[in-house]
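There are 2 protein chains.
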Amino acid sequence: MPPRNVVIVGATGAVGQEFLKVLEQREFPVKNLKLCASAKSKGKTMKFRGETLRVEELKAESFKGQEIGLFSAGSGVSKEFAWIAAKAGCIVVDNTSAWRMDPRVPLVVPEVNPKAIARHEGVIANPNCSTIGMVVVLKPLHDKARIRRVVVTTFQSVSGAGAKAVEECIEETRAVLAGKEYKRAIFPHQIAFNCIPQIGQKKETFGKDGYTDEETKMIHETKKIMEDDTIAVAPTCVRVPVLRGHSESVNIETAKPLTPERAREILGSSSGVRVVDDPSRMAYPLATDVAGHDECYVGRIRRDPTVDNGLHLWIVSDNIRKGAALNAVQIAEML
Amino acid sequence: MPPRNVVIVGATGAVGQEFLKVLEQREFPVKNLKLCASAKSKGKTMKFRGETLRVEELKAESFKGQEIGLFSAGSGVSKEFAWIAAKAGCIVVDNTSAWRMDPRVPLVVPEVNPKAIARHEGVIANPNCSTIGMVVVLKPLHDKARIRRVVVTTFQSVSGAGAKAVEECIEETRAVLAGKEYKRAIFPHQIAFNCIPQIGQKKETFGKDGYTDEETKMIHETKKIMEDDTIAVAPTCVRVPVLRGHSESVNIETAKPLTPERAREILGSSSGVRVVDDPSRMAYPLATDVAGHDECYVGRIRRDPTVDNGLHLWIVSDNIRKGAALNAVQIAEML
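Chains as they are written, first to last, in the numbering used here: chain Y, -17 to 317; chain F, -17 to 317.
Calculated from the structure, these hints are not laboratory results. Accuracy of the hints is not assured; some may be wrong.
[What the hints assert, rightly or not] Here are the computed lysine-lysine pairs in the DSS-like style, where the Cα-Cα straight-line distance is at most 30 Å:
{"id": "1", "chain 1": "F", "residue 1": "126", "chain 2": "Y", "residue 2": "190"}
{"id": "2", "chain 1": "Y", "residue 1": "162", "chain 2": "F", "residue 2": "61"}
{"id": "3", "chain 1": "Y", "residue 1": "3", "chain 2": "Y", "residue 2": "16"}
{"id": "4", "chain 1": "Y", "residue 1": "97", "chain 2": "Y", "residue 2": "205"}
{"id": "5", "chain 1": "Y", "residue 1": "22", "chain 2": "Y", "residue 2": "238"}
{"id": "6", "chain 1": "F", "residue 1": "162", "chain 2": "Y", "residue 2": "3"}
{"id": "7", "chain 1": "F", "residue 1": "185", "chain 2": "F", "residue 2": "61"}
{"id": "8", "chain 1": "F", "residue 1": "61", "chain 2": "Y", "residue 2": "238"}
{"id": "9", "chain 1": "Y", "residue 1": "3", "chain 2": "Y", "residue 2": "13"}
{"id": "10", "chain 1": "F", "residue 1": "165", "chain 2": "Y", "residue 2": "162"}
All chains should be modelled from the sequences, with the hints used to inform the complete structure.
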């Protein structure tokens, strides 16, 4: 690929910062890198390949001459600017939920549905972090044994709610340890030493059916990425006081028999997957081990005898890296 | 009930301390209270009803003249002393896993199977903390709609591993926040800002089938307490950095249809259950709210449309209180 002009929208956020790191580490052929963010971040500086870059305020004109846009500045910004960028000739890889279910927009995990990229009309969507980690592991099993149903409970780290949420978790933890009061701004309840069965900070995240947006995303995005509407997903999404890395307890039912041994074998040779599954050494994926790594980790693979062809899996991936920045850059690499 | 001589075995542990609190709060008719523990706790003092009691070393002779023994000093101690106590005329309520599956020993949750107590031969077992919280909520639903299958993922607090584990979690959290090294003695991996998909500290907790002892307990204890071998339980048990209170993501399939509304209605009038389920106020059970409370809390009750008669529940209970000390004292009250 010839070097490209790349613009990062939402450069100063948790995912934005990771974009810079991933582009650098993967030696992405960047001709010129432009950093955009909201007005209040204007003038901030960030390092890229040893150079100091200044953050600009995002405007409709920002996309002139740009070839690839990596968006992670919230749904509102993507709704407003994604197609403006696309029309200016800048192909957008959008990390927000704004366009994921739009029929014009491919929803891509390169290990799962790389061919979908070709159908893009200027905007490609990056799936939700909790979905990415899961489908990378489920796809190879689906190909061999067809997954009928997935019951998944997530343990999602605070970084999924942004850089300020990480700070809030740390500061609130300090306050609890010191026996002090803490004034929350992000999470709806105490996250320090607690588990909140709600992803999303507002009550509007709950649908009429009682599911949060995050849970609804997991249901629909899984089907779209796996390109199979018959996969039934039953999710419960929970925020836990972990800084980075989403863990998931996943129970699957397959149409064809699938032993744990065979599943380990299939996953062991699957792209983007790493099997860590050795009870005799108490080895299984852990958020603290997986943070900073590219692969989706899986372990605790066990038969579930309560149903035909049932299997338990424990999946952990870095929500900021594979769950966001890395997956988007991988998509950009395939353009 | 006339006042009884009560002996607490394992008085200085997390559950032992809670025994004293619960006996006092519930005005249990204690004639004389004896505190026993291992040799190294001998001579320690503890307060009960304003009096200072001295901890004695546990010996076979300790049970002479005692009428009720509350045991929570580990399986080894219960294996050695439970029947010695029973033979001395001291009825044992055992909080360990030592005798739970023994056919001579009733396994009791007073809200679920109170009648089982009558069958005791001197020893009654208190179920595992993660099982108690779940069955108190599931039993009323089972009575009305018959539960066929339960897929459960737990979020278990560190207090389930004892008072020293709580200390370790706190100290390790402090160390991580300060960027310092910390030497663990209890958990197999870092628990600060992490989720460990293993309950139990040793590799021996994993069976050949890949399930931990805790998971296997949930499967078998649920059937024994609910007095129904047809209930299939598919558990994944996870330790989280929460100090007190076990949360559980529970997916059930019932034989008869059961709407969320009807489930809320049934649970709303069930003994020992408290429904907190109002998405419009972001209200659902949280470990930090439930700690110190007697009831098993349930919320996020939603239909799971991926299966016939499917329902999601989020259950939280205080593992030290209802999950251990309170349940045992409730059993003792029924003697």
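Exercise for the section: Verify the proposed pairing of residue 162 of chain F with residue 3 of chain Y, using a straight-line Cα cut of 30 Å. Expected result: Holds, at about 25 Å.
Handout entry: 30 Å limit on alpha-carbon distance, applied to hinted pair residue 126 of chain F and residue 190 of chain Y
Key = Answer holds: residue 126 of chain F to residue 190 of chain Y is near 25 Å, not above 30 Å.
Problem - Pair hint residue 162 of chain Y and residue 61 of chain F, alpha-carbon separation not exceeding 30 Å - result: violated, 43 Å
Exercise for the section: Quickly compare the C-alpha distance for residue 185 of chain F and residue 61 of chain F to 30 Å and report which way the hint goes. Expected result: This hinted pair holds, its Cα atoms lying about 21 Å apart.
Exercise for the section: Compare the distance between the alpha carbons of residue 61 of chain F and residue 238 of chain Y with 30 Å, and conclude whether the hinted pair is satisfied. Expected result: violated, 44 Å
Problem - Proposed proximity, residue 16 of chain Y with residue 3 of chain Y (alpha carbon, max 30 Å) - result: Measuring from Cα to Cα gives roughly 14 Å; hence the hint holds.
Practice task
Take the C-alpha atoms of residue 22 of chain Y and residue 238 of chain Y, compute the straight-line distance between them, and say whether it is at most 30 Å.
Solution key: violated, 54 Å
Problem - Proposed proximity, residue 162 of chain Y with residue 165 of chain F (alpha carbon, max 30 Å) - result: The hint holds at about 26 Å.
Practice task
For the pair we were handed, residue 3 of chain Y and residue 13 of chain Y, check the Cα-Cα distance against 30 Å.
Solution key: holds, 16 Å
Handout entry: 30 Å Cα cutoff - pair residue 97 of chain Y, residue 205 of chain Y
Key = Satisfied, since the Cα-Cα distance of roughly 16 Å is no more than 30 Å.
Hints 2, 5, 8 from the list above are not met by this structure, while the remaining hints are.
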